[in-house]
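First to last, the sequence lines map onto chains A, B and C. Per this note's numbering, residue 17 is the first one in the first sequence, and the count goes up by one each step. Per this note's numbering, residue 193 is the first one in the second sequence, and the count goes up by one each step. Per this note's numbering, residue 148 is the first one in the third sequence, and the count goes up by one each step.
Please keep in mind that the hints were generated in silico from the structure rather than gathered at the bench.
Capping the alpha-carbon separation at 20 angstroms, the derived lysine to aspartate or glutamate pairs in EDC-like fashion look like this:
id : chain 1 : residue 1 : chain 2 : residue 2
1  : A       : K274      : A       : D201
2  : A       : K404      : A       : E391
3  : A       : K59       : C       : D366
4  : A       : K59       : C       : D284
5  : A       : K76       : C       : E206
6  : A       : K309      : C       : E186
7  : A       : K445      : A       : E257
8  : A       : K309      : C       : E206
9  : A       : K76       : C       : E367
10 : A       : K268      : B       : D343
11 : A       : K76       : C       : D366
12 : A       : K268      : A       : E282
13 : A       : K381      : A       : E365
14 : C       : K251      : B       : D199
15 : A       : K84       : A       : D352
16 : A       : K309      : C       : D202
17 : A       : K274      : B       : D343
18 : A       : K342      : A       : E140
19 : A       : K98       : C       : D366
20 : A       : K59       : A       : E92
21 : A       : K359      : A       : E140
22 : A       : K381      : A       : E366
23 : A       : K98       : B       : D425
24 : A       : K445      : B       : E255
25 : A       : K76       : C       : E209
26 : A       : K187      : A       : E203
27 : A       : K344      : C       : D279
28 : A       : K59       : C       : E367
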Amino acid sequence: MPIAALKENDMIVWMRCSLPSLAVLVLGTLLGVVPAAAQAPVKITLWHAMGGARYDAITKEIAAGFNKAYPNYVVEPLYTGKYGEVVTKAIAAVRAGDPPHIVQVFEVGTQTMLDSGAIIPVTELVKPGDIDFADYIEPILNYYTVGGKLASMPFNSSTAIIYYNKDIFQKAGLDPDTPPRTYQDLEAMGRKIVGSGAAPAAISFGWPSWMLEQAHAMHDKPYANNDNGRKGRATRVRFNEPFGVSVLERWKRWADEKLLAYGGREYAPNKAFLAGQVAMLMQSTSQVTTIEKAATFRVGTGFLPRIEGQPAGKSVIGGASFWVLKGKGRSEQERDAIVKFFKFIAQPEETAKWHMSTGYFPATKTAVGLLQRQEWFRKHPNHETAFKQIQEGPDTSNTRGVLLGNFVQIRNITDTAIEKALAGRLSPKAALDEAAREADNLLEEYNRIHGGK
Amino acid sequence: MEGRFPDRVLPYLLLLPSIAIIVVFLIVPAVEALRLSLFEVAPFSGRARFVGLDNFRELLTSEVYRASLGVSLVFALGIVTLGLTASLAIAVLASQPLPGAGLCRTALLWPYALSPAVAGTIWALMFDPATGPATVAIRAVTGLSPNWMMDGGYALGVVVVAGAWKMLGFNIVFFLAGLQAVPRELKEAAQVDGAGTGRVFWRITFPILSPVTFFLLVMNSLYAFFEVFGLIDVMTQGGPGGATDILVYRLYEDAFIAARWGIASAQSILLFVMVGVLTLVQFRFAGRLVFYG
Amino acid sequence: MARARAPRLASQALLALAALVVVFPVLYAAQISTLTFQEVFVFPPPLLPGRAFLDNLREAWEKVGLGRLLLNSAGIAAAVATGKIVLSLMAAFAFTYFRDFPGKRVCFVLILVTHMLPLPVRIVPTFQLMHDFGWVDSYQALTVPFFASATGTLLFRQFFLTVPPALSEAARVDGAGPIRFLLRILLPLSANNLAALFLVEFLYMWNEYLWPLIITTSDEMRVVQIGIKMLVATDAQAEWNVIMAGVVVAMLPPLLVLLALQRSFVRSIALGTEK
Chain A
17 MPIAALKEND MIVWMRCSLP SLAVLVLGTL LGVVPAAAQA PVKITLWHAM GGARYDAITK
77 EIAAGFNKAY PNYVVEPLYT GKYGEVVTKA IAAVRAGDPP HIVQVFEVGT QTMLDSGAII
137 PVTELVKPGD IDFADYIEPI LNYYTVGGKL ASMPFNSSTA IIYYNKDIFQ KAGLDPDTPP
197 RTYQDLEAMG RKIVGSGAAP AAISFGWPSW MLEQAHAMHD KPYANNDNGR KGRATRVRFN
257 EPFGVSVLER WKRWADEKLL AYGGREYAPN KAFLAGQVAM LMQSTSQVTT IEKAATFRVG
317 TGFLPRIEGQ PAGKSVIGGA SFWVLKGKGR SEQERDAIVK FFKFIAQPEE TAKWHMSTGY
377 FPATKTAVGL LQRQEWFRKH PNHETAFKQI QEGPDTSNTR GVLLGNFVQI RNITDTAIEK
437 ALAGRLSPKA ALDEAAREAD NLLEEYNRIH GGK
Chain B
193 MEGRFPDRVL PYLLLLPSIA IIVVFLIVPA VEALRLSLFE VAPFSGRARF VGLDNFRELL
253 TSEVYRASLG VSLVFALGIV TLGLTASLAI AVLASQPLPG AGLCRTALLW PYALSPAVAG
313 TIWALMFDPA TGPATVAIRA VTGLSPNWMM DGGYALGVVV VAGAWKMLGF NIVFFLAGLQ
373 AVPRELKEAA QVDGAGTGRV FWRITFPILS PVTFFLLVMN SLYAFFEVFG LIDVMTQGGP
433 GGATDILVYR LYEDAFIAAR WGIASAQSIL LFVMVGVLTL VQFRFAGRLV FYG
Chain C
148 MARARAPRLA SQALLALAAL VVVFPVLYAA QISTLTFQEV FVFPPPLLPG RAFLDNLREA
208 WEKVGLGRLL LNSAGIAAAV ATGKIVLSLM AAFAFTYFRD FPGKRVCFVL ILVTHMLPLP
268 VRIVPTFQLM HDFGWVDSYQ ALTVPFFASA TGTLLFRQFF LTVPPALSEA ARVDGAGPIR
328 FLLRILLPLS ANNLAALFLV EFLYMWNEYL WPLIITTSDE MRVVQIGIKM LVATDAQAEW
388 NVIMAGVVVA MLPPLLVLLA LQRSFVRSIA LGTEK
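If we strip away everything but chain A, and leave its shape as in the complex, we get (with noise of 0.2 angstroms):
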C-alpha cells in the first residue's frame, strides 16, 4: 500500500472519529460537564516504602501528577511497610497469582529479585527510543544494570557523604569550608575538636556495614568473588581480606581514642549530629533535605573521605528502584501504562523536584542541567556534593556495588561483626572472618535453592 494512501485513510478515520467526539468534547464544557472516557482508566498499582516526607512526594506530587497528565491511565500507590517487608508482601502477591504492577525494592533486593522468575526487565519493556537511558547518570545506570539489560527502573538512589556541623569546625579552630579528604585529615581534626572541647565526639556514621561497602568501592576492592557477583552469582565475600580488616581496625582505634560515637544503624545517629554532640557523619546523601531542615547549625557536605596510599575507586550506589512485576494476564494498555509512568518519572523537571524535595540523586543529566540553569545548585550546594562525588574515580567492576544473595541478612551479619570489633568483644580480624563464614554459607544457601547458573 502506497504511503500516500495510507496517511489519506488515517485522516478519514481520523476525522470520522474526532468530529463527534469533538462536537461531544465542546459540548461538554459548553454544559460544564467534561465527557466520560470512553474506556475505564488503565489502572496499575504501586507498591511503595516511602513513608514519612517521602510520602507526599510519591503520592501528591509524582503519581497524582502523573494521573493528571494521562488521564487514560491511573497509577495507584500503596504503602506497604518498609523496604524487607515491601518485598514480602510481593512475594505474597506473586505466589497468590495476584502481583502489583509496580514494586520499589531497596537495592539489596537486587539479586533476589533477578532470580525471582515474576518481573519484566525494563530493557524488555521499553522500547528505543521511549526513554532516552543514555542521559541517565552513568553510576546508577549500571548498578541496576546487569549482563547487559537494565532490570530495573531506577527512582530513588543514592549514596554516602559526608556531613560536617561548620559551628563546631569554627569553634575548634578548624576552617569551616574545609571537609576532611582523607582518614587522615579526619583524625587530625577529630583530634582538635575533641581536644578543644567543641563537640564530645568528632565522627559518626549509619549504615556501618554500607559504609564497609562503600570505603571498598572507593578505593577499588572487590567485596565479593565473581566480580562484586556481576559476572556469576557470588559464592564468596572477601571483606575479610587485609584490605577490609584495616578498615575496621582504623575505626576501632578512632573508638579507643573517642573520637568515633558509634550511634547505631541506619539512621540512628543522626540524631547526636543534630544536636551537635559529634562534629562530622557518614550518612547517606538522601538525608541532606531533612538534615538541613533540622539543623540549628551551618551544616558542610564533603566527598566520603579517602585511605591515604590505596588506589582510587568511586563511591557505590545505595537506594531503591522500582520493578516490573509479571503478573498473569497483563494487557498491552498495562504495559504501555507502566512505560507512560517511567517516561513520566524520568522527565527532567520531575527527577529535579524529586531530588530538590529529598536529597536522592536527579538520575540524569538533563535533570542536573535543569538544576544548574535554575541555580539551584549555587544556592544549595550541599545536594550537589554526590553528584560531584560520583563523577570522579573510575568505573570497575569493584565500583558498581556488590550483588550477593541473602544480602538483607549479610547486612545484618556484617553490623554484627562491626558493632563486635568496635565494643572491642573480638579483634577486628577475628569479627570479619567470622562474618565472613556465615556470609559465605548464605551465599551457599542461595545459590544451592536458585540453581546452579
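Assemble the complex: chain A is given as a structure, and chains B and C must be docked to it using the hints.
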C-alpha cells in the same frame, strides 16, 4: 462430679467455633510451616528442595543461633521477673484506699495502650546515647555516659526494662482485679490476730492472687518469646553485636524481611517446641501451686 | 494516730513516684509532639512543652488520613475482642462444667497452642488461604482468623475454677440447663473478667501491625498502626514531632476503653464485696 452438667453433645457444640477457627487458620498453616521446615524454598517461585532435617541441624549447630537462645532466655527471665514483681508491688500500693490512688491507677495503665514498636521508639529516643533525657540524667548522676549502641549488656538491660514497662499496665490490671477479690474481713481478722503486714500478704493475699499470678506468668513468658520483635526491631535490631538478638527477632527477620521460608519454618518449629515445653512445665509445677479459693 | 499516718504518707508518695516513673515515657512522647521539627534536636533536650502540637497533629492527620484509620482500627479491634470473648467463654464453659468427654484434653491443648504459633511463619500459608477464600483486603480477613483465644479460654477457665461448685449444683437441682446457668449466673459473675478480656483483646488487635500490613491492599482498609509507620520516613530523618502527635492520638481510643472498663471493674467488684 459435683456441679457438672451431664450433657454429652453440648460441650462439643460449645467448642466447635473455637476449634474450627484454630484448625483452619492456625493448624493448617502451621502444618504447612512444618512441611516447609524440611525444605529450602526459593521465595518467589516457591520452588522447594527437600533437605530433610538439615535446617534443624544447621540451626542447632550454629553458634549464632545458640547465642540467640541464651539471649532469649535471659530476656524472658528478665521480663517476667521484673514485670511481675514491679507490677505486683505497684498494684499492692495502688489498691490501698489512698487519696489520689484512683488517678495513679489510671496513669499506671497507660503504657499498655501502646504497641511494642511505638513503645520501643519512645524508649530509643529517651535512651539515645547522645541526646536522650535518660542518658543525660544518668550522666548527671553517675558521671558515666553509657552507650547502649555499643555496650551489649546495657542494651539488653534497656530492652528488658522497655519490654517489661510495656506490659506493666496489663499486669497491673489483673493484679488489681485479683487484689479486689481478697476479702477485707479475712485480712482484718488476721491483723487482729497480730499478724504483721508481710505475713498477711504472704499467707492470705498471695495465695488468693496465685491464679492471677500464674496466668500472668504464662502470658508474660509468651509475650517475651513472641510479641516483642517490634520493640527489638525499633530499638536495636538485635545489636549491638547480637546482644539483643532474641529468637523471635531472628525469626521475624528470616521470615518477614529475608524470605528464607525453610529455615524460618524450622525456627518456628523449634520455638514452638521450646515454648510448648516451657508452658507444660509451668502448668505442671507452678500450676499445681495455684490456689483455687 | 501519728504513727499510722506516716506509713500512709510514705505509701502515697511511693505510689505517686511509681506512677510518675511509669508514665514518664508517655509524657515524654506527648512533650515531643508539641515541639517543632528543629526543637526536637536541640541539646540539651527542652523540658517544657512547645506550641506546635496542633500543627503536628494536622500534618499527621492529613498525611495519612487518620480519621478513617482510627475508625477501621476501632471497628476491627471491637469485633475481634467481642468474637474472642464469645468463643472463649463457650470453650471455657465446656471445659469446666461438663463431665469429662472424649477429646477434652486434645481440644484444650489445641486452644493453648494458638498462642505458640507466631505469625511471621504462618504468614505466607495464611495469606494464601485468605486468597483462596477471596478475603484479601476485607474486614473478614482482619477479624475472623483472630477469633480463637487461648488467653480468654485460660482466663475464664481459671475464673470458673474459683466459682464455688455449689452454685452450679444448685442450678442443676433447680432444673436450670447449662446455657441458662451460663447466661444467668456465670456471665454476671464474670463481669470483671469480661471487661478485662475485652480490654486486653481490644488492645492486642489495636496494636496489631504485621497482619493488616500483609492482608490489606487499599487505602480504605488501612489501620492506625500502619498509619503511624507511614509517618516514619524511609531514608530520611524521622519527624519525631509529627510521629508522636500520631502516637498520642492513636493512644486515645484504647485509653478511653481502658477508662470506661476500669470503672466497670470497680463497680462490679464493689457490688460483689458489699453483698
